[in-house]
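Number of protein chains: 2
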Amino acid sequence: MKVIITGGAGFLGQRLAAALLQEQTLPFNELVLADIQQPQSPIDDPRVRCVALDLTEAGAANRLITSDCGVLFHLAAIVSSHAESDFDLGMRVNFDATQQLLEAARHNAPAMKFIFTSSLAVFGGALPAVVTDQCAVQPQSSYGAQKAMSELLINDYARKGYVDGRVLRLPTISVRPGKPNKAASSFASGIIREPLQGETSVCPVSPELALWVSSPSTVVRNFIHAATLPAQQFGQSRVVNLPGISVTVAEMLAALRAVGGEEVHARVSFAPDESINRIVASWPGKFDIQRALGLGFNVDHDFEQIIHAFIRDDMQQAGN
Amino acid sequence: MKVIITGGAGFLGQRLAAALLQEQTLPFNELVLADIQQPQSPIDDPRVRCVALDLTEAGAANRLITSDCGVLFHLAAIVSSHAESDFDLGMRVNFDATQQLLEAARHNAPAMKFIFTSSLAVFGGALPAVVTDQCAVQPQSSYGAQKAMSELLINDYARKGYVDGRVLRLPTISVRPGKPNKAASSFASGIIREPLQGETSVCPVSPELALWVSSPSTVVRNFIHAATLPAQQFGQSRVVNLPGISVTVAEMLAALRAVGGEEVHARVSFAPDESINRIVASWPGKFDIQRALGLGFNVDHDFEQIIHAFIRDDMQQAGN
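One line per chain: the protein sequences are A and B, in this order. Quick note: the first sequence uses the working numbering, first residue 22, plus one each step. Quick note: the second sequence uses the working numbering, first residue 22, plus one each step.
Worth flagging that the hints you see were computed from the coordinates, not collected in a lab. There's no promise every hint is true.
The list treats identical chains as interchangeable, and a pair is accepted whether it falls inside one copy or across any two copies.
[Said to hold, decoys possible] Calculated cross-link-like contacts (lysine-lysine; reagent style DSSO-like; alpha-carbon spacing at most 30 Å):
1) Lys200 to Lys307
2) Lys307 to Lys203
3) Lys181 to Lys203
4) Lys181 to Lys200
5) Lys181 to Lys307
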């Protein structure tokens, strides 16, 4: 059985690959990391094959998904601010490529588990204090619209029996290691990561803004869990709002001070950026996670624990 | 200013064309009726141009939407049972063609009002007794999924300023004149139309099933109203659940008896059809129409009045 990760060169793709290679939860004999830039395997393992592939090219999805494919983790995407500034690229990657992967799965490997990473960015507009599964999506970004359209398509492919689709709406991931990216939520990692590494960081949103966040390791555990759940447990919708914790920016920074001290905390300043704020402030700050927990998905304990995990797993690994 | 109707050979397209030509509500100097089969104008008028056009063909949308186009009524669609039995055709017509029209509008006539006919079929799954604007869509048919995806795309095009999109979620239309079609809701007209015309009709769903219906003339008035509303009145969503009335099949048949008598009523029999019932029973039977009424959309009075209008407008016109 073959497992494929698109966006395999990305941060979450690499984390997921490492977890799949180290754990026995999801048995496989081949792990394909696909990305537009040549991926590297995070661990030297004969089961891994790395391919450079532009999923928007005609035939790419068909070459990738062969009949022996058991699970696809479709992580490849154009992130939120980038999809907002380049609408056409966002459509091609976030929607068209997803559609082509679904078509390839339908014709080549219909029993395949198609795990799709959606996002809380499908929500927006007037929202209740706590978002439930019954809450209408109303994306205020092209990224959110493209993800929401993909969700509908995957649900319909699953309903028709064309593919065993599962859609995970990811919280904002914090703390991401590495460099800032074009996600509107990039600051949610930057305001923790940079100060801990001795650098300053500018927060573009208000300290009162509530974010719905998950640590990278919890999200990776939830990816693997989604691939092992029996299909019938999902009921009438294959879409799950993944568990997160609700924290304001001020609470995140208080946790940073508690863990790293006053000097670290003082490296963060505020300078409102309306183009980022408009996107991020449209996202919900809290969800009802009863269904996700009932399905066995994991949740972080608190934000201090998330910071400690970042220091342990990412900073020490990077030699900081 | 040019007005275009796709699906212009269809029943609603013809009604809309006649209303636009007879009324002064929406001034124009050219009315284009486009359909895959050559349309005819319902009224002899020098402003009308009829074109046979397959919207799924490359370049078709670009030829249709020129810079002088002020309003597009995009009515062309593959109906529900047909889209369910031919998924690929449904995707091409209901989604891909809509996307190509949006792209043509964005590049050729971005100020154009893009009126899209969606449907209550976007809803399904666990629903509250009364569906509100905040209620999540969960289509249980490919038709519903394709409409819901188009809605998201139109909202995003409107948000980006690429086109002035307006989405109308139509109730089930009853009473349609003419012949049964491949819509799962075809019976909702057939159980009234056929008995009044001396024919028998078989109802495939339970008498207890509640339907959300609108008369053709009310829907046509609402199409025109949607094209005259200022954009800012829509607020954060361009999607409107059009007003309808909630009636059970039993209530529809009681109205038929009240209007047509016992002999007419006795021409309806029941024979459950699970493939139709599964689709129709997934649709909501009642909506909160406060927002639509606030925007000035119209609503029918009751189902007896709808039957009387059908007898007056359609049966006498057809010489019955």
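Problem set entry | Violations among the numbered hints, reported as their numbers in ascending order | Structure breaks no hint.
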